[in-house]
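Asks: Here's the letter readout for the chains.
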Amino acid sequence: MATLAPAGTSEPVAPSGDNCVLSFEDVSIAFEEPVLNGVSFKLYHGENKVLLGAAGTGKTLILKLALGLLKPDAGRITVLNDEITSMREQDLYGVRRNLGIVFQESALFDSLNVEENVAYRLIEETGKITDDIHNRVLEVLRFVELEQTWPSFPSELSGGMRRRVAIARAIITQPEVLLYDSPTGGLDPVTSNTIIELVVKQRDVYKTSSLLVTHRLQDAFTMASHYFDREQNKMMPVPAGKALDVHTTFIILRDGHIIFEGTATELLRSRDPYIREYLS
Amino acid sequence: MPVFSLVEFAKSQVVKVQEYVLLAWRSLLNLFGRPRYFADTIMQADLIGVGSLPIVILTGFFTGAVLALQTSNTLEQFGSLSLTGQLVSFSMVRELGPVLTGLMVAGRNASGMASELGSMKVTEQIDAMRAMGVDPTKKLVTPRVMSCTVMLFFLSIISDLVGLAGGWTIAFFMLGLDSNQYWTTAYQSLRFADVFMGLSKPVVFGFIIASIGCYYGLSAKGGTQGVGRATTQAMVAASVLIVVSDLFITKFLMGVFPT
Chain A
-7 MATLAPAGTS EPVAPSGDNC VLSFEDVSIA FEEPVLNGVS FKLYHGENKV LLGAAGTGKT
53 LILKLALGLL KPDAGRITVL NDEITSMREQ DLYGVRRNLG IVFQESALFD SLNVEENVAY
113 RLIEETGKIT DDIHNRVLEV LRFVELEQTW PSFPSELSGG MRRRVAIARA IITQPEVLLY
173 DSPTGGLDPV TSNTIIELVV KQRDVYKTSS LLVTHRLQDA FTMASHYFDR EQNKMMPVPA
233 GKALDVHTTF IILRDGHIIF EGTATELLRS RDPYIREYLS
Chain B
14 MPVFSLVEFA KSQVVKVQEY VLLAWRSLLN LFGRPRYFAD TIMQADLIGV GSLPIVILTG
74 FFTGAVLALQ TSNTLEQFGS LSLTGQLVSF SMVRELGPVL TGLMVAGRNA SGMASELGSM
134 KVTEQIDAMR AMGVDPTKKL VTPRVMSCTV MLFFLSIISD LVGLAGGWTI AFFMLGLDSN
194 QYWTTAYQSL RFADVFMGLS KPVVFGFIIA SIGCYYGLSA KGGTQGVGRA TTQAMVAASV
254 LIVVSDLFIT KFLMGVFPT
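Protein chains in written order, with my numbering: chain A, -7 to 272; chain B, 14 to 272.
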């Protein structure tokens, strides 16, 4: 795993005051079997957490719980100071407008073109695509480097392009928290790197808090070891020895519990046999 | 292998009924809140109403025609062939027009809604909609329920009319009845209760078709196979509910308007 080690330092995010944007307190949920069992963590403003774990450990479930798409059996979930576990579905729509999510399979509306997909939230408010909305769509599509695709339909795009359109849709309203559900799943390494670069760009340019689920350790370590250079307009490795906080921490789930929470450096130093095996 | 539990099965069925009732109730409540998706409602009305017109016309016409043909032998035995118009109008307006139109639209649209919403459900588009702060019951269910209810009302009227025309075709060309006699008996035999019954049924049927189609679509799980299953179940459930509710509506209205 030496090649995956972060080149620069990745210091723990120091929470300042009560700037927590998302918190899980002793959250449990079961279907046929318990999936999450007493999960607690906090996501602070500007922080990025990478959720790791084997398949079926409840990573995607955490994102759905954070959005209020599912209710936990026990525990409290607070999003942007709203305790969502006791909220009615109708009241949750207001909270969700401050969150953005990129689904595993993009979940673009296949009957709408790229522009209508990206502008979906804005069209809901205005009822039509105005010039302002069109320009905003082009702006976010430019961010994901897909400006020319706005009249295309999702079926005309490749998997990687759909994922980038999904990112554009998630960030068009500049939400305070972004949730990424395996944004690189099923993509080739080059396209995966492009997606991770966009995630890092969003993190470093807009300072958005995010929760990212991934199976790919390489993506997680890339996030922890790179920053977005605005002058060169590309992702660069953090120079060795340079104290640059990339605001990225890791959570590892196992059997419904969090078995690790910390920085990339701490993760690599972990003596836990399961984590050693997971990283190898 | 898990043992089949009657209690668990009963519980799951009760939960399904509860979910359906809640969805149907919410689809009506949404009419009184914002946002209202007027454009979506019109688009659905076009898809359901205009799109179903050919099958409704064909079904209505041939049902009226075969009704006249089948009953002509019996009526002739009693020397009452002149009552063909009355019999066709009575049967079409009170019963066959709304029920057959309902069944045709259920076959075409309940399954269509279930497959469309089911596909959206299994590809996480419904979750994406909810995640973006949009209520799928307002955006997807209420426009379909509204447009289906309204359009089935008008489709039933069209079905009644073309059914009468079908009966006339047989009565005039094959039975040798006078046109004037056919249309006069057809028209004069209808009372307010008959027309009321014929027009109230499609409203209920339209609501059933759309709410059942949407319910099965939104409950779909298990990928494309699940969508296929939801589509079939929606059509079967809507058709059965139409026939069952027809009996109760008929009985109820016969009590309200005694002969």
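Careful, some of the hints might be misleading.
[Stated by the list, open to error] Taking lysine-lysine and the DSS-like style, the derived pairs with C-alpha atoms no more than 30 Å apart in a straight line are: (1) B:K234 with A:K56; (2) A:K56 with B:K264; (3) B:K24 with A:K56; (4) A:K120 with B:K152; (5) B:K29 with A:K63; (6) A:K234 with A:K34; (7) A:K63 with B:K264; (8) A:K63 with B:K24; (9) A:K56 with B:K29; (10) B:K24 with A:K226; (11) B:K234 with B:K24.
Hints were generated in silico from the structure; no laboratory data involved.
Asks: Confirm or reject each hint.
Replies: Verification of the supplied hints:
For the proposed pair K234 (chain B) and K56 (chain A), the alpha carbon gap of about 16 Å is at most 30 Å, so the pair holds. Distance check on the hinted pair: K56 (chain A) and K264 (chain B) sit about 48 Å apart at the alpha-carbon level, beyond 30 Å; violated. Annotation: proposed proximity of K24 (chain B) to K56 (chain A) holds, straight-line Cα distance about 26 Å (limit 30 Å). A threshold of 30 Å between alpha carbons decides the hint, and for K120 (chain A) with K152 (chain B) the separation of about 15 Å falls inside it, so the pair holds.
Restraint check for K29 (chain B) and K63 (chain A): satisfied, since their Cα atoms lie roughly 19 Å apart, inside the 30 Å limit. Annotation: proposed proximity of K234 (chain A) to K34 (chain A) holds, straight-line Cα distance about 27 Å (limit 30 Å). Taking the CA atoms of K63 (chain A) and K264 (chain B), the gap is near 44 Å; set against the 30 Å cutoff, the hint is violated. Restraint check: the Cα-Cα separation between K63 (chain A) and K24 (chain B) comes to about 20 Å, which is no more than 30 Å; the hinted pair holds.
For the proposed pair K56 (chain A) and K29 (chain B), the alpha carbon gap of about 23 Å is at most 30 Å, so the pair holds. Straight-line distance between C-alpha atoms of K24 (chain B) and K226 (chain A) comes to about 56 Å, which puts the hinted pair past the 30 Å bound. Simply put, K234 (chain B) and K24 (chain B) have alpha-carbon atoms about 19 Å apart, close enough for the 30 Å limit, and the pair holds.
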